[in-house]
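**Q** Please take these sequences and the hints and turn them into a complete structure.
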Amino acid sequence: MSKLYYRYGAMNSGKTTLLLQVAHNYEERGMKVLILKPKIDTKGENTIVTRIGLKRKVDHLIEKDEKIINYLNTIDKDIVCILVDESQFLSRDQVDELFMLTKLKDISVICYGLRSDFKTIAFPGSLRLFEVADVMEELYTICRCGKRAKFNGRIVNGKFTSSGDQVAIDGENEVEYESLCGKCYLEKVLGITKENLNE
7 MSKLYYRYGA MNSGKTTLLL QVAHNYEERG MKVLILKPKI DTKGENTIVT RIGLKRKVDH
67 LIEKDEKIIN YLNTIDKDIV CILVDESQFL SRDQVDELFM LTKLKDISVI CYGLRSDFKT
127 IAFPGSLRLF EVADVMEELY TICRCGKRAK FNGRIVNGKF TSSGDQVAID GENEVEYESL
187 CGKCYLEKVL GITKENLNE
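Mapping of the sequence shown onto the working numbering: residues 7 to 205, in sequence order.
Don't take every hint at face value.
Stated by the list, open to error - Listed below are the simulated DSS-like cross-link pairs for lysine-lysine, each with C-alpha atoms no more than 30 angstroms apart in a straight line: (1) Lys9 to Lys156; (2) Lys189 to Lys61; (3) Lys9 to Lys83; (4) Lys38 to Lys125; (5) Lys83 to Lys61; (6) Lys73 to Lys9; (7) Lys165 to Lys45; (8) Lys165 to Lys200; (9) Lys125 to Lys83; (10) Lys38 to Lys49; (11) Lys83 to Lys70; (12) Lys109 to Lys125; (13) Lys63 to Lys109; (14) Lys111 to Lys38; (15) Lys125 to Lys111; (16) Lys9 to Lys165; (17) Lys153 to Lys73; (18) Lys109 to Lys165; (19) Lys49 to Lys200; (20) Lys49 to Lys153; (21) Lys153 to Lys38; (22) Lys153 to Lys165; (23) Lys111 to Lys156; (24) Lys61 to Lys73; (25) Lys70 to Lys38; (26) Lys111 to Lys9; (27) Lys63 to Lys83; (28) Lys70 to Lys45; (29) Lys109 to Lys70; (30) Lys83 to Lys111; (31) Lys194 to Lys165; (32) Lys153 to Lys83; (33) Lys83 to Lys109.
Claimed, not checked - Quick list of the computed label-pair ranges, beta carbon to beta carbon: (34) Cys151 to Tyr77: 41 to 49 angstroms; (35) Gly59 to Lys109: 30 to 38 angstroms; (36) Gln172 to Gly197: 31 to 39 angstroms.
Hints in this document: simulated from the structure, not taken from any laboratory. Glycine is no exception: its CB is placed at the ideal position from the N, C-alpha and C atoms.
**A** Written as structure tokens, this is what we have:
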């Protein structure tokens with residue numbers, strides 16, 4: 007029976023690069039894959055773009071309230087794996103659809119996304135994936151201090167911020183992100199240090 011996988015990590019942990027490598031591995035062996043991403047992720051528009059410059063057009067952009075199964079019923083029946091980039095932006099219902107697809111149609115689904123937002127709060131899609139995925143794998147990246155980074159610091163106009171909407175796309179409207187370890191997140195984003203902890 008096929009499985010629902012969730013591969014998650016902070017920004018810059020290589021999620022999209024790994025997705026493209028997995029697609030290449032399947033296709034090199036003559037197997038068909040489908041690449042999806044939520045339309046809310048406007049970076050690259052209908053293309054997934056990696057930080058190291060790799061890119062590929064997606065097969066389908068998922069609308070906010072779309073029933074994914076309706077689209078999947080229109081595609082080639084020879085698909086062996088569905089790869090979903092930026093899956094934190096999926097709704098809980100959409101994650102449930104992907105889970106059902108693995109069990110009832112025996113198609114593997116591998117989702118790639120963030121664990122949490124810049125306030126350390128889980129996205130609805132991520133939370134549901136943690137609840138129902140068969141296999142979860144954390145991907146790692148490095149903080150500015152050299153430790154493992156698990157958090158996403160949002161930078162607006164060159165300064166870290168802990169306020170704003172949950173979704174702001176990297177590279178748009180002067181928004182950037184930096185992967186941080188817990189200590190650097192507390193210090194750089196929240197301004198909490200060992201010295202002022204008890205204040």
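**Q** Taking 30 to 38 angstroms as the hint, is the beta-carbon distance of Gly59 and Lys109 inside that range?
**A** 37 angstroms, holds
**Q** Does Lys9 lie within 30 angstroms of Lys73 when you go C-alpha to C-alpha?
**A** 20 angstroms, holds
**Q** Does Lys63 pair with Lys83 here, judged by a C-alpha cut-off of 30 angstroms?
**A** Holds, because 20 angstroms separates the two Cα atoms, which is no more than 30 angstroms.
**Q** Is Lys165 close enough to Lys200, meaning Cα to Cα at most 30 angstroms?
**A** 21 angstroms, holds
**Q** Does Lys83 lie within 30 angstroms of Lys125 when you go C-alpha to C-alpha?
**A** 41 angstroms, violated
**Q** Can the restraint linking Lys153 and Lys83 be considered satisfied, given a maximum Cα separation of 30 angstroms?
**A** 44 angstroms, violated
**Q** Verify the proposed pairing of Lys83 with Lys70, using a straight-line Cα cut of 30 angstroms.
**A** 24 angstroms, holds
**Q** Taking only the CA atoms, is the gap from Lys49 to Lys200 under or equal to 30 angstroms?
**A** 37 angstroms, violated
**Q** Return holds or violated for the Cβ distance of Gln172 and Gly197 against the range 31 to 39 angstroms.
**A** 21 angstroms, violated
**Q** Would the pair Lys83 and Lys111 pass a check requiring their Cα atoms to be no farther apart than 30 angstroms?
**A** 10 angstroms, holds
**Q** With a cut-off of 30 angstroms on the C-alpha distance, tell me whether Lys9 and Lys83 pass.
**A** 18 angstroms, holds
**Q** Does the alpha-carbon distance linking Lys111 and Lys156 stay inside the 30 angstroms limit?
**A** Violated, because 34 angstroms separates the two Cα atoms, which is more than 30 angstroms.
Comparing the model with each numbered hint stated earlier shows that hints 2, 4, 9, 12, 15, 16, 17, 18, 19, 21, 23, 32 and 36 do not hold.
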